[in-house]
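J.: Spelled out from the first residue to the last, the chains are:
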Amino acid sequence: MLDLQTGGAEPVVRLRNVAKRIGGRTIIDNLTFDVPTGEVFGFLGPNGSGKTTTIRMMVGLMRMTSGEILIKGRSIRHEYEAAVRQVGAIVENPELYRYLTGYQNLVHYARMIPSVTKARIDEVVELVGLAARIHDKVKTYSLGMRQRLGVAQAILHRPALLILDEPTNGLDPAGIRELRDYLRHLAKNEGTTVFVSSHLLSEMELMCDRVAIIQSGRLVDVRPIRDGETGAGKAEVLFEVDRPDAAAEALGGAVLRAESGGVVVSAGREEAADINARLVAAGVRVYGIRTVTKSLEDQFLEVTGGGRIG
Amino acid sequence: MKIYRRVRTWIMLAIVLVIPLGISIGAMALDDTPNMWFYSYLEAEVVGSLVTIFAVVIAADSVAGEFSSGTIKLLLIRPWSRSKILLSKYIATLLFVIFFLALVFLFTLLVNGVMLGSGGGYSYPNQGSRSHFVWLSAYYGLNLIEMIVTVTMAFMISTVFRSGSLAIGLSIFLLMGGSMMAALLSLVDKPWVDYVLFMNLGLAEYVSGSTPLPDRPFGFSLAVLAGYYAIFIALSWVVFNRRDVAA
Numbered sequence: 000m001l002d003l004q005t006g007g008a009e010p011v012v013r014l015r016n017v018a019k020r021i022g023g024r025t026i027i028d029n030l031t032f033d034v035p036t037g038e039v040f041g042f043l044g045p046n047g048s049g050k051t052t053t054i055r056m057m058v059g060l061m062r063m064t065s066g067e068i069l070i071k072g073r074s075i076r077h078e079y080e081a082a083v084r085q086v087g088a089i090v091e092n093p094e095l096y097r098y099l100t101g102y103q104n105l106v107h108y109a110r111m112i113p114s115v116t117k118a119r120i121d122e123v124v125e126l127v128g129l130a131a132r133i134h135d136k137v138k139t140y141s142l143g144m145r146q147r148l149g150v151a152q153a154i155l156h157r158p159a160l161l162i163l164d165e166p167t168n169g170l171d172p173a174g175i176r177e178l179r180d181y182l183r184h185l186a187k188n189e190g191t192t193v194f195v196s197s198h199l200l201s202e203m204e205l206m207c208d209r210v211a212i213i214q215s216g217r218l219v220d221v222r223p224i225r226d227g228e229t230g231a232g233k234a235e236v237l238f239e240v241d242r243p244d245a246a247a248e249a250l251g252g253a254v255l256r257a258e259s260g261g262v263v264v265s266a267g268r269e270e271a272a273d274i275n276a277r278l279v280a281a282g283v284r285v286y287g288i289r290t291v292t293k294s295l296e297d298q299f300l301e302v303t304g305g306g307r308i309g
Numbered sequence: 000m001k002i003y004r005r006v007r008t009w010i011m012l013a014i015v016l017v018i019p020l021g022i023s024i025g026a027m028a029l030d031d032t033p034n035m036w037f038y039s040y041l042e043a044e045v046v047g048s049l050v051t052i053f054a055v056v057i058a059a060d061s062v063a064g065e066f067s068s069g070t071i072k073l074l075l076i077r078p079w080s081r082s083k084i085l086l087s088k089y090i091a092t093l094l095f096v097i098f099f100l101a102l103v104f105l106f107t108l109l110v111n112g113v114m115l116g117s118g119g120g121y122s123y124p125n126q127g128s129r130s131h132f133v134w135l136s137a138y139y140g141l142n143l144i145e146m147i148v149t150v151t152m153a154f155m156i157s158t159v160f161r162s163g164s165l166a167i168g169l170s171i172f173l174l175m176g177g178s179m180m181a182a183l184l185s186l187v188d189k190p191w192v193d194y195v196l197f198m199n200l201g202l203a204e205y206v207s208g209s210t211p212l213p214d215r216p217f218g219f220s221l222a223v224l225a226g227y228y229a230i231f232i233a234l235s236w237v238v239f240n241r242r243d244v245a246a
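These protein sequence lines map, in sequence, to chains A and B. Using numbering that gives the first Met the number 0, you'd call the opening residue of the first sequence number 0 and step up by one each time. Using numbering that gives the first Met the number 0, you'd call the opening residue of the second sequence number 0 and step up by one each time.
The shape of chain A in the complex, shown without the other chains:
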């Protein structure tokens, strides 16, 4: 098992100055980032920001105009077969052969990769929970089931890197949750690095260890997600009170802003208790105290500066 905490292992994917121009329009502009081994890595951007294009270049469906993508140190340009051997992917929708059964689809893909055994196919089918319907034709499947089959074909050969393009599209809440748990399981127990693209911010927040945010083909930010939740440092705390102005007066300069029904203070855990005591002493009635976690969505809109397309 790889050491996830330090991230000391070599990144699974390295993008170096990747650019894609189509007819004078720059779709992807100088993208450079690493995807650390064994993480669930989110790739976030508004519609038309170049997520899918980037993924297509990562799996060699599109050529890049300049730059380099290395998968486990192998160039997708020059050592395509060796590089892509490490990758399992669904690009956009899971498109499978509708006139074949789920099982025949898997056999078909398994034949294209040496080392996939019959036992492995059965194992994967079990893993994605399709055992009951695997011998039905794909055209009778629901979108959620096709998603599962798509995941199944992508992990057949135990890839080091699993790339999923908008995997939660068309899934019901239960399906999304299952997929999320499943991806985390893969990353944790099999050491698979998962690269997920999405524009569903809240979803990314729950699923990923780290997100890269892209807009208009440019990398805006790469940031870890879970750090904020560990409780270290200060957070914004909202005190629900009956008289916000009186509360603000009692606390003085510590107040960040007063809202209707409460005041927001920047405070750590202990400080929050002290502030509460001061408010109560000042005769302000406190109805509730909670931290205002800035959701990824806020951060996202903040860094991308609102939702301009492309």
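Because the hints were derived from the structure by calculation, they are not lab data. Take the hints with a grain of salt, since some may be wrong.
Stated by the list, open to error - Taking CB as the label site, the calculated pair distances span: (1) A:29 - B:243: 45 to 53 angstroms; (2) A:91 - B:129: 40 to 48 angstroms; (3) A:189 - B:91: 29 to 37 angstroms; (4) B:243 - A:130: 33 to 41 angstroms; (5) B:101 - A:29: 56 to 64 angstroms.
As the list claims (entries may be wrong) - From the derived model, a few chain A residues whose C-beta atoms are all more than 10 angstroms from chain B: (6) 55; (7) 119; (8) 141; (9) 215; (10) 218; (11) 243; (12) 249; (13) 260; (14) 268; (15) 272; (16) 273; (17) 285.
Everything numeric in this text was worked out from a predicted model, so none of it was measured. Cβ atoms here follow ideal geometry from the backbone N, Cα and C, with glycine treated the same way.
Mind docking chain B on chain A? Use the hints.
T.: Just chain B, lined up with the frame of chain A:
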């Protein structure tokens, strides 16, 4: 593998086998002195064009179908180069053509041999001292060459335009219109006419003594076809390897 999992392939196969069977039964009922060799030839002519059409459908769908269903993406991200994937598709298509033609050949011979016998003393045009079997085999062989060129053309259209219906339509149109164009062009007395693909597609005529191009030898037609074949293949490969897959 995928070709044979589809219902339509088996329907095609059934059609290709039922038609000669029907002709043979009709011959047994109506012809007083039925000859197995004559009817095998007749059936080969009728069914041959059908096999060509079916083969074109398969070839046209081979690459374009993957694009229109989007499965090409999952196919291309396997650890194989694009050339190898295209090659395997092409080989699968050719095997299909050969399989069908061989099946028709053996089936008609068997059915006619059992049902009709060789009454009436029929001999093929320009048969000479060759046996019936050799003549018919040569006919099939030349048909196969023709078919391979046609199928390769359909395969190329399929690869370049990524549209199955366009590839089927265009190939069949060229096949039908081709013979018409050939008839028209043969009236034109210019040397370049001899190099037009359709002028050389009537290869099977050689076996019966006539030629599509009266003043050109067999080898000439073969060379022209080979030239077109090379162009089709090269174009398929270059386009398939270079293209960005955005669908």
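J.: Next step is simple, just say for each hint if it's right about the structure.
T.: Now for the hints, and whether the structure bears them out:
A C-beta distance of roughly 19 angstroms is found between residue 29 of chain A and residue 243 of chain B, which places it outside the suggested range of 45 to 53 angstroms. Remark: the range hint 40 to 48 angstroms for residue 91 of chain A to residue 129 of chain B is contradicted by a beta-carbon distance near 59 angstroms. Between residue 189 of chain A and residue 91 of chain B, the C-beta spacing of about 34 angstroms keeps the proposed range 29 to 37 angstroms intact. In this structure, residue 243 of chain B and residue 130 of chain A meet the distance hint of 33 to 41 angstroms, their C-beta atoms being roughly 37 angstroms apart.
Taken as a hint, the range 56 to 64 angstroms holds for the pair residue 101 of chain B and residue 29 of chain A, whose Cβ atoms sit roughly 57 angstroms apart. The Cβ of residue 55 of chain A sits about 7 angstroms from the closest Cβ of chain B, inside the 10 angstroms cut-off, so the non-interface label is violated. No beta-carbon of chain B comes within 10 angstroms of the beta-carbon of residue 119 of chain A; the shortest separation is about 16 angstroms. Once the 10 angstroms rule is applied to beta carbons, residue 141 of chain A is consistent with being away from chain B; the minimum gap is 17 angstroms.
With a cut of 10 angstroms on Cβ distances, residue 215 of chain A stays outside the contact zone with chain B, its closest approach being about 18 angstroms. Distance to chain B confirms residue 218 of chain A as a non-interface residue, since its nearest Cβ pair spans about 21 angstroms, more than 10 angstroms. Its beta-carbon lying about 54 angstroms from the closest one in chain B, residue 243 of chain A satisfies the requirement of being farther than 10 angstroms from that chain. For residue 249 of chain A, the shortest C-beta to C-beta distance to chain B comes to about 61 angstroms, beyond the 10 angstroms cut-off, and the non-interface label holds.
At the 10 angstroms boundary, the C-beta of residue 260 of chain A stays outside the reach of chain B, the nearest C-beta of that chain being 51 angstroms off. Against the 10 angstroms criterion, residue 268 of chain A stays outside the reach of chain B, whose nearest CB is about 48 angstroms from its own CB. In this structure residue 272 of chain A is separated from chain B by more than 10 angstroms, as the shortest Cβ-Cβ distance comes to about 55 angstroms. Against the 10 angstroms criterion, residue 273 of chain A stays outside the reach of chain B, whose nearest CB is about 57 angstroms from its own CB.
The claim that residue 285 of chain A is not at the interface with chain B holds, since no C-beta of that chain comes within 10 angstroms of its own (minimum 57 angstroms).
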